[in-house]
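Asker: Chain residues, written in single-letter form:
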Amino acid sequence: MPRSLILPEFLVHRDEGRCTKCKACIRQCGFGVHAEEPDGRISANEQRCVNCQRCVVMCPVSALKVTANKEIGRENAYWSAERLREIWRQAESGGAILTSMGCDRNYPVYFDHLLLNASQVTNPSIDPLREPMEIRTFLGRKPEKLSIAGPPGEERLAGPLPPGVRLEMPVMFAAMSFGSISKNTVLALAKAAKQMGIMFNTGEGGMNPALGPFWDHMIVQVASGRFGVDSAYLEAGRIIEIKIGQGAKPGIGGHLPGEKVNEEIARTRGIPTGADAISPAPHHDIYSIEDLRQLIYTLKEATDYQKPVAVKIAAVHNVAAIASGIVRAGADIVVLDGLRGGTGAAPKMIRDHIGLPVELAIAVVDRRLREEGLREQVSLVAGGGIRSSADLLKVICLGADAAYLGTAALLALGCHLCQRCYTGKCSWGIATQDPSLTKRVDPEAGAERLVNLLTAWQHEIKEFMGAMGINALESLRGNRLQLRGVGLPQNELDQLGVKQAGEAM
Amino acid sequence: MIRTTVGGRAMKVIESKGVHYRELNREIRRLVAAGEDRLLLRGVNGQRYIGAGLRGTARLEIEGTAGNNLGAMMNGLSIYVHGNVQDGAGNTMSGGEIVVRGSAGDITGYAMRGGKILIQGNAGWRVGIHMKSREDQQAVLLIGGKAGDFLGEYMAGGTIVVLGLDIPLQQEREGANPLIGNYLASGMHGGTIYIRGRIPAWQIRGQVQSELTTPEESPQLRSWIEHFAAGLNLDCSALSREIFTYLTPQGARPYAHLYDHSA
Ligand code: SF4
Ligand code: SF4
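Those protein sequence lines, which keep their order, are chains A and B.
First residue of the first sequence: 983, per my numbering; consecutive thereafter.
First residue of the second sequence: 447, per my numbering; consecutive thereafter.
For the record, the hints were derived by calculation from the structure and aren't laboratory data.
Incorrect hints may have been included.
Examples of chain A residues lying across from chain B (beta carbon under 10 Å, computed) [as the list claims (entries may be wrong)]: (1) I1079; (2) P1191; (3) L1216; (4) A1218; (5) Y1404.
Everything numeric in this text was worked out from a predicted model, so none of it was measured.
We put the CB at the ideal spot given by N, CA and C, even for glycine.
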């Protein structure tokens, strides 16, 4: 093989004064960077380093530092180091560059241009430590009207309500399949979901038998490859989610690289071990809204109308019209996955150059559904880049009922955002199937970290609500009056449906 | 509701003509859950989702034309259709059997991972896409006539057989095999496809390797043809010396070369 022209992206600095040659770094690095030389020295093959910081965190004497290698050529404001590197890589491999996690480019982040309101004097704030705050959320189709029957004093709802699911707080764990992440990671998410009274999502990889105790908190996904979809799977899930697209790769199919398809995953998915698990870009039985309706109703028929059916799409330019069609097709929940949504593997160009920020997507879909009188019938879930309780509240004010957390949940489990999940070598034991790595996530301890994160957010949400003088999340849904824009031109404010900061109620 | 006797066995009859699919399917679900093991649906005229998601060993006989997604996601029933079926029969099914006396529409057997589908006549486009297999059960799709474009696309497991009964084959070497359309088996990465006759290289989309065999030489193929003949009560003995093209994937990772996997 000819010599690569690419300089390493990261540099590994070892403080020889501190290093005790304990070799922890050799064991910890999933990418095989550190090695012991014949003379006893520990060397680092920096070409392989992805800056996941595992060795840095785990070195018992803090002898390691990993930094970005800035000196790779005469980069400039136009030709950034990243662009140079991409071209050199493709000149060597001839392949589309793969990456993982969400779009990391410097597009405007609307969350960071929106400010929330608070009460002062005229409508007092509420003390969340003293007053109950209602943050429960119900997902599913809402009837247009309720009929009551029965003799006076004993009135009851006439007829059953459409199936719904209660969330103790307006978040869920986003679809992450067993395959893209390890079984222990799935179990940590499932345990935390159960403990917090929320939902996790199997993703498209089928259902591992170990998830039995968590069915009540499980969303099962039906994607174009239909991996693991059988009657037991559909019966097990509380919500069935049809995955049309995901924010990290709109219009592109799912693609679990063969390296990650071990025996257990192959069995769950029904494909050969080591084969790529290919989910084609479209569902080949869906070429129109009418076809989507048929899959929705196939799933409803197959489960006797006992479960809400969600449809997840990537946020794209025409998202409002598409979402309206999805509601008319019979979906009970519409999930919009924005530009920043994460992934286990995606072509980098697709990830970084297609899509719509979720803030805009939720705002325009919420508005469109209201205009058409459809909003009250369905639940709207935002996914893609929710980083904090503040982002969560802002997206609710823009119109979402609840949000999916993917990247944030993995960060809680130790992920350091190296964006190399597709290699299957994750040193943090999350996006890998290598048993020596997967044991680094302990389902119990992992669940506790997730529960801690959500408990903290829960408290923050209540504080925000108290500050605004609002004691039920319901009153915040689509309540754009609680938002003001800073540093946004008028047309962006208009799309978001938000007033300029400084304008009064 | 009446009972009738077919072949000496009692069967519940559901008069289906003009009944909305939701009502019809609710009734089928109710009867199957109540332990009814033989149902006859009379006058079916396009109702969708019949048998969708059902489990068990009941047998449904259908007179008329079954609508889209017949037996979709089902696991275990045996469905026999005296007539044609529209699109999506056996969509994502995981067990059981669908036997069709007539022809079937598009996406028949899409992503099925178990069970069998027997079509006496022709099948439409995008048939058998993404079929799979599990260790305990193989998805099998047997077509008596011919199939349209994209047959077996992205196939990951299971077996497809196209017999072309009564369809004359091309005589010239490079002539198109009339039993299949374009894009046969593109992206196939598991499973096996048998097509009667030779297939010129230009009609195969790459990613697969082809060999020739006959039912006499191949016990696998022979047993599927016998199963087909028995299920539809046909005589297929004339096929035993016919040449079949036998397709298997070249590799389990048809698209790996398109991507730069380096870190
Ligand atoms: S553990 Fe991570 S940061 Fe450390 S050398 Fe390996 S890849 Fe680099
Ligand atoms: S999950 Fe692992 S491989 Fe993926 S970004 Fe996080 S640390 Fe890196």
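Asker: Determine for every hint whether it applies to the structure shown.
Answerer: Right, here's what the structure says about each hint:
1. For I1079 (chain A), the interface hint holds, since its Cβ comes within 10 Å of a Cβ in chain B; the closest pair sits about 5 Å apart.
2. For P1191 (chain A), the shortest C-beta to C-beta distance to chain B is roughly 14 Å, which exceeds 10 Å, and the interface hint is violated.
3. Interface hint status for L1216 (chain A): upheld, as the beta-carbon distance to the closest one in chain B is roughly 6 Å, under 10 Å.
4. At its closest, the beta carbon of A1218 (chain A) sits 13 Å from a beta carbon of chain B; the interface hint therefore is violated under the 10 Å criterion.
5. Look at Y1404 (chain A): its Cβ gets to within about 7 Å of chain B, closer than 10 Å, so that hint holds up.
Checked against the numbered hints listed earlier, the structure breaks hints 2, 4; every other hint is satisfied.
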